[in-house]
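For any residue, its number in this note's numbering is found by taking its place in the sequence shown, counting from 1, and adding 47.
The hints are simulated quantities; they were obtained by calculation from the structure and are not laboratory data. Treat the hints loosely; a few may be bogus.
Derived lysine-lysine pairs resembling DSBU-like cross-links, with alpha carbons at most 30 Å apart [to be verified]:
| hint | residue 1 | residue 2 |
| --- | --- | --- |
| 1 | LYS218 | LYS162 |
| 2 | LYS162 | LYS266 |
| 3 | LYS128 | LYS266 |
| 4 | LYS218 | LYS182 |
| 5 | LYS257 | LYS201 |
| 6 | LYS355 | LYS266 |
| 7 | LYS162 | LYS128 |
| 8 | LYS162 | LYS257 |
| 9 | LYS175 | LYS266 |
| 10 | LYS175 | LYS257 |
| 11 | LYS189 | LYS355 |
| 12 | LYS257 | LYS182 |
| 13 | LYS292 | LYS128 |
| 14 | LYS128 | LYS189 |
| 15 | LYS162 | LYS312 |
| 16 | LYS189 | LYS292 |
| 17 | LYS355 | LYS312 |
Computed spacing ranges between beta-carbons, pair by pair [what the hints assert, rightly or not]:
| hint | residue 1 | residue 2 | range |
| --- | --- | --- | --- |
| 18 | THR341 | SER96 | 35 to 45 Å |
| 19 | THR296 | LYS175 | 52 to 62 Å |
| 20 | ILE129 | ASN316 | 15 to 25 Å |
| 21 | VAL141 | LYS175 | 40 to 50 Å |
All residues carry an ideal CB built from backbone N, CA and C; glycine is no exception.
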Amino acid sequence: MYKSISKKLLFIFTLLLIAGFTGCKSDDSPIQATDVNVEAMQAIAAEDSTVLNFEANYQDDITGIASKVASGWVTVDVHRKINSVSRSFQIRVVGDSALGIATFTFSNTLIIRAKKDSNSVTDTILRKNYTAVVKRNLIFEKVNSSSNPRNNWKLVAWSAIQGGTTTSSSKIQSLVLSAAGIVPIEITSPNNFYLARGIARFKQLPLFDKNSEVTLTLKVISTTDDPDYVILNYGADNRGVNRNKQLFTLVSTVSSGTSFIKTYKAVLNTTNYAGYFHMVMDVLTKNAVQDDSTPVESDVWSLPYGVKNQ
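All chains should be built: construct the whole structure from the sequences, respecting the hints.
Quick look at the structure:
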């Protein structure tokens, strides 16, 4: 199984969280604005292809995927439109290392096209505006002491991403990835699951073969046994080209006290070209896509991955 960051850095990170970040958002902190090192790392993070690629895959403009979510109501299509995004980076330098929190606040519209039953001729279009906030942690290391701060720091590791709406009655508990030739990967805490490219002491970014299948098993805890609408977006480059979309299938529902544990599965088909991407899992409650009076409830996890250049 893939593990988290090294014990030393995890210990430092925990202390910083307890003490509270005194770093800044990328726009308005008068203290950090004079720190050229922090400014350099903010710029590096804002331009990093792995950081940017999440947004390319979180945008969901693929239509025409049907799924019956309840008897008597057929959802013809559900997709998520990003209207705007604001980004902030809190960064704290500790010697030759720096720890950061990247926060992305999305203003979205959930667009739902549905029929009251399979014989209906007229579609019903629902649009629901909502805000989703996701976070990921970043680790930098000092690699030089030149006069140009941009050349002195390197982004060496990223955590997976976690977030969604402020409240949701369905929350992701765990994700397991299985594919030929790799040890299964299990994630239970995305922001504590760190990955890197080519840094030996960090776990490496999951790499899959071209045109291969990756099975995703998602466990969701809910307050009801209603099936959720669970979307998987993946495969887009930083321009949003070749974005793919799948729906998770509900495999089982088990009662657990006052809650329900649901198991969902989906198959991710990798591209026929190499690169770094994100898989984005978005759990939408049944009422979010079926009831026009219910606010959107969304729980989002995302994991970066690579496709090998064979």
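Here's how the hints hold up against the structure:
1. Distance check on the hinted pair: LYS218 and LYS162 sit about 27 Å apart at the alpha-carbon level, within 30 Å; holds.
2. Our distance criterion of 30 Å between C-alpha atoms is met by LYS162 and LYS266, whose separation comes to about 29 Å.
3. This hinted pair checks out: LYS128 and LYS266 have alpha carbons roughly 25 Å apart, not beyond 30 Å.
4. The suggested pairing of LYS218 with LYS182 holds, with an alpha-carbon distance near 16 Å, which does not exceed 30 Å.
5. A C-alpha spacing of about 29 Å is found between LYS257 and LYS201, which places the hinted pair at or below 30 Å, so the restraint holds.
6. At most 30 Å may separate the alpha-carbon atoms for a hinted pair to count; LYS355 and LYS266 meet this at roughly 28 Å.
7. For the proposed pair LYS162 and LYS128, the alpha carbon gap of about 21 Å is at most 30 Å, so the pair holds.
8. Distance check on the hinted pair: LYS162 and LYS257 sit about 38 Å apart at the alpha-carbon level, beyond 30 Å; violated.
9. Of the pairs offered as hints, the one joining LYS175 and LYS266 holds, with about 26 Å between alpha carbons and a cut-off of 30 Å not exceeded.
10. For the suggested pair LYS175 and LYS257, the alpha carbons sit about 37 Å apart, so the restraint of at most 30 Å is broken.
11. Restraint check for LYS189 and LYS355: the C-alpha separation of about 28 Å stays at or below 30 Å, so the hint holds.
12. A distance of roughly 29 Å separates the Cα atoms of LYS257 and LYS182; the hinted pair therefore holds under the 30 Å criterion.
13. Simply put, LYS292 and LYS128 have alpha-carbon atoms about 14 Å apart, close enough for the 30 Å limit, and the pair holds.
14. Proximity of LYS128 to LYS189 is assessed by CA-CA distance (about 38 Å); at most 30 Å being required, the pair is judged violated.
15. Restraint check: the Cα-Cα separation between LYS162 and LYS312 comes to about 26 Å, which is no more than 30 Å; the hinted pair holds.
16. Between LYS189 and LYS292 the alpha-carbon distance is near 38 Å, which puts this suggested pair outside the 30 Å criterion.
17. With a CA separation close to 24 Å, the supplied pair LYS355 and LYS312 stays within the 30 Å bound.
18. Here the CB-CB span from THR341 to SER96 is close to 37 Å, well matched to the stated 35 to 45 Å.
19. Roughly 24 Å separates the CB atoms of THR296 and LYS175, a value that falls outside the hinted 52 to 62 Å.
20. Separated by about 24 Å at the C-beta atoms, ILE129 and ASN316 satisfy the suggested range of 15 to 25 Å.
21. Our hint of 40 to 50 Å for VAL141 and LYS175 holds, since their Cβ atoms are close to 42 Å apart.
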